[in-house]
Amino acid sequence: MKTEAAQTLANMAQEGCNWDDITREGAIPGLVALVGGETEKQKHQAARALEKLSLNSRSSTVIVDSGGIAPILKLLQSGTDCHKGHGASIVASLVVDAANHEEIVREGGIPPLVALVRQGTKRAKKCAATALANMATSMGNRSKIADAGAISPLVALLRNGTKHQKEQAARALGNLAINNAANKIAMSNHGAIGLLEVFSRTGKGSQKRSAATLLEPMDKHGGSSEKRMRHEE
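For what it's worth, full-length UniProt numbering labels the leading residue of the sequence shown as 1, then goes sequentially.
Calculated directly from the structure, the hints in this document are not laboratory data.
There may be inaccurate statements among the hints.
[Said to hold, decoys possible] Restricting the straight-line Cα-Cα distance to at most 27 Å, the calculated cross-link-like pairs of lysine-lysine (DSSO-like) are:
1) LYS144 with LYS41
2) LYS41 with LYS122
3) LYS74 with LYS41
4) LYS74 with LYS2
[To be verified] The following label-pair restraints were derived from C-beta to C-beta distances:
5) GLU4 with GLY140: 16 to 24 Å
6) THR8 with GLY194: 25 to 33 Å
7) GLU4 with ILE185: 48 to 56 Å
The beta-carbon is built from N, C-alpha and C at its ideal position, and this holds for glycine as well.
Based on the provided sequences and hints, a complete structural model is requested.
Structure follows, in structure tokens:
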């Protein structure tokens with residue numbers, strides 16, 4: 001019964017017009033409980049629902065207030081590849097709100113995100129890079145993300161990833177470079193600046209604009225605005 005209910009909610013949540021109704025009816029705490037549920041199907045359907053609901057600011061607040069961060073982060077560490085993709089996408093949405101950064105760091109969220117950038121599925125890599133890019137808008141997180149080993153896999157993603165992976169890797173690296181000389185040196189040592197320069201010349205549309213914008217904080221000690229962006233599906 002729980003699985004069927006979660007599946008129904010997950011299907012409803014695919015339509016944004018249903019998000020407020022699902023939230024208002026009090027379904028989110030139950031979905032959070034099922035993310036740490038008894039069966040893989042329960043986890044899958046609950047994560048599907050929360051992934052979409054997390055795109056709504058009101059719903060994402062309820063997810064966090066319902067204790068959702070810890071079980072969602074657990075998906076990143078011990079879930080199936082599919083679970084990890086959903087989990088990384090949820091985290092990427094939750095960290096658009098900087099108020100959630102501290103709890104995610106405290107719950108150990110950075111290392112599993114870095115691991116997914118390095119070895120996740122194509123989708124998980126993109127979502128994890130997006131999450132790190134959003135978390136790196138907070139000054140206090142930049143050294144923590146770098147200390148977790150993020151720079152090397154982000155540069156590798158910028159070099160060899162898909163179009164969307166490269167966009168998010170560029171965002172993450174650019175944010176990590178803001179007012180952080182040590183990160184800039186590490187990025188330079190891994191060849192990031194040259195890659196961003198190529199990306200700014202050869203990228204298409206938003207890729208090109210993103211790289212050109214992000215080269216400024218790579219080259220200067222600050223001065224660039226810290227802009228948060230929600231990830232695209």
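Tested hints:
no. : hint                         : verdict
1   : LYS144 with LYS41            : violated, 34 Å
2   : LYS41 with LYS122            : holds, 22 Å
3   : LYS74 with LYS41             : holds, 16 Å
4   : LYS74 with LYS2              : holds, 20 Å
5   : GLU4 with GLY140: 16 to 24 Å : violated, 43 Å
6   : THR8 with GLY194: 25 to 33 Å : violated, 50 Å
7   : GLU4 with ILE185: 48 to 56 Å : holds, 54 Å
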